[in-house]
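Since chain A is already given, all that's left is putting chain B on it; use the hints.
Now for the letters of each chain:
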Amino acid sequence: MKYICAFIGLLFFYTPLPAQKYMTRMGQISFFSNTPIEDIEAINNEVSAIIDIENGNAVYEVPIKSFRFEKALMQQHFNEKYMESDRYPIAKFTGHLTNFNDIDFKKNGTYPAIMAGKLTLHGVTKFVQTKGTLTVQDSVLTTQCIFTLALKDYNIDIPKLVIKKIAKEIEVTVNCPLKKI
Amino acid sequence: MNLKIIYTFCFCLLFCFPFCLNLLAQEKGHTNSDLEKILNAGQKAKPELVTAAFETTRIINAHSIENTAKGVLDLKISHRFNRLDNGFSDWFGLDGATMRIGFDYGMTDWLQIGVGRSSYNKEYDGYLKAKILRQHKNGGSPISLSYVGGLSVHTLKPNNPAGTTYFFTNRLYFFNQLLICKKINRLLTVQLMPEHVHFNLVPTAAEPNDILALGIGGKIRISRRVALNLEYHYQLPDFKLNGSKNSVSIGADIETGGHVFQLHFTNSAGMTERTFIAQTADTWGDGGIRFGFNISRVFTIVKPKGFENTRNKIY
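First to last, the sequence lines map onto chains A and B.
Okay, so the first sequence: first residue is 1 according to the working numbering, each after it adds one.
Okay, so the second sequence: first residue is 1 according to the working numbering, each after it adds one.
Hints were generated in silico from the structure; no laboratory data involved.
Warning: the hint list may mix true and false statements.
[Unchecked claim] Calculated pairs, SDA-like style, for lysine to any residue (alpha carbon to alpha carbon, straight line, at most 25 Å): (1) 182/B with 88/A; (2) 65/A with 115/B; (3) 106/A with 54/A; (4) 137/B with 79/A; (5) 180/A with 31/B; (6) 182/B with 86/A; (7) 126/A with 90/A; (8) 165/A with 295/B; (9) 65/A with 302/B; (10) 303/B with 35/A; (11) 165/A with 54/A; (12) 179/A with 41/B.
Bound conformation, chain B alone:
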């Protein structure tokens, strides 16, 4: 009888052992790593927008893939000084400069418009930039694609031969540009730019009215705050003006919170697409290098929604 009881007891104990364990475990609840697993269960990596391919909306002269955010106005003041090889008497070019003052505005998340006035050829310009594709991580588009199109009008006094009429349309220039951009990693971004510039009036009949070029630009991040920018525009030999050189620029972006300073060296004197793509007169080889800068200051015109009750304030 005794034996029987002991056997039964042992059997039951064995049988119940897993349940007892379970009980103990229940008392302890979940560990933090278990909780983490529950928290992340079934959570797939969502396609995520790739941001900050470039620091600001220009690489150096050309547009970058970045747009001004919706409701944000960006005041850009740009200078290109005289040639460095003018030497000491011209303070290495700093005695004179061409200037552009422009406003960029983000109409929507995908559309940016802008206007500007340049001292070079006394030119007014306007453009729009539209995002077509945006690069994503974890699925979605592997590249970003934008279109930039614009026109400009120079307001120099006409010096046409006597007896001929100088039409207003003679003053007009147009450009179309595609921006194909890939942020390869957090240190490197590359952008390709097929470009077309149309001149309503060219200096001689032999020169083409339509200029075709391929631009390439890039950003290399050197440190958390400084990025190096490069930009080159190659004009197709049969579609360029006589004497026009390819634009080559190198520069650095420095961010100071609210401002972005872009300091650079370039062989282009103008800052509108038709001037730097199709009418660069100097080359690096002959010493025609110019120091220049773009300063950008952003103003939030339309506040984004959801910040009505926040404590954001500037004193």
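Same shape as in the complex, but just chain A:
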């Protein structure tokens, strides 16, 4: 009886830890197109991201209209003709930090990280997996990675007239510092 009571008492005293989540609404994602004629890089500083370190689940949301180009006309064509931003305003990644068990979130340092999940872009959803790094610095987690994606996979077609100026495979750079919430 005594033991049972003690056990139940313990259960009562057990206060679950609040879920460990990290979030940002000002993450950065840029992309880079490299061709022999022109290099194009566009930057987005309005990326929303959230990671739950208890299970490694992660969501990234990228407002397409927030990509900034050096050339204003290019930005207009990007939204209007290629990405159709009015129809597909947000690119979304929902996935999982597959090696979250290997990362010590309490200890500052840089850890290799593998992220896998579904990327929805231009109305097309594909499975993606990418290697990157995760840096723990006190209460800030910084996720960084570089991966390439093929425009064809996401039904983004480039007209023949500009086909030499836009790469078929685009390099995407993610750099998102997430704060503990």
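Quick look at chain B alone, frame taken from chain A:
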């Protein structure tokens, strides 16, 4: 005694069940859809600027609501060929053309200035275009409003009667225009243009110096890369020059990244406001249709901030 223990145990188990569930849930953490909810909690749809009402800064002849971006220079070369009904001997009008070469520049996000030279009447023109209201989604203004004002000077040799003086001011024309524009959806844009043109000198005393007109223009997107443009200028009957016809134009925009080609058919030979609004001589009905084009090439003169460390490069 035994029973008592069992009862207590059962009671406790029942009581603790929700807590146990909680524990299990804690171990699992949040699902992705939960995370999405947290990410978007309290995020209201912000008023968002409506962009790309038109492809470029002109509909066909008239200004569109679009401005050249800040720090961007736009070189425009425009041609209006001769009348199509000149037939084969004139290569359906392509043997001759009136031309305008102009530069548009975005001073700020809301102010665009420009100058141009037309072969029609050997005319120089200058204008400014200022944004007053901008159409937004999710609140804000439902329409865009801009003002365009400018002047032009023709440099033809004077043919005034002997003994009279031809003043420089006789050569001047002025125009004021409001652009009221609404992008209705991604396929359709409509623009209304109340217009005023002032002639310092008109051919006869009976004709008014001030021409009033109402223009209407629009864009219909046909495919992702091609848009159809329409433009019509109606002159108020009591405020127009003798013999002047209303300008009607239809055209297509084709974008090639950096360039925008505008190909069109119009009954106006000139490309400045005073010529196409107030001095169109031909009509579609009598075969006075002209093929024409505007080619636009943009140059970034002042780079926007925040791109200092990027890899943008043209080889």
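Each hint tested on the structure:
no., hint, verdict
1, 182/B with 88/A, "holds (21 Å)"
2, 65/A with 115/B, "violated (32 Å)"
3, 106/A with 54/A, "holds (12 Å)"
4, 137/B with 79/A, "holds (16 Å)"
5, 180/A with 31/B, "holds (17 Å)"
6, 182/B with 86/A, "holds (16 Å)"
7, 126/A with 90/A, "holds (15 Å)"
8, 165/A with 295/B, "holds (20 Å)"
9, 65/A with 302/B, "holds (22 Å)"
10, 303/B with 35/A, "holds (21 Å)"
11, 165/A with 54/A, "violated (44 Å)"
12, 179/A with 41/B, "holds (16 Å)"
Taken one by one, the earlier hints fail for this structure at numbers 2 and 11, listed in ascending order.
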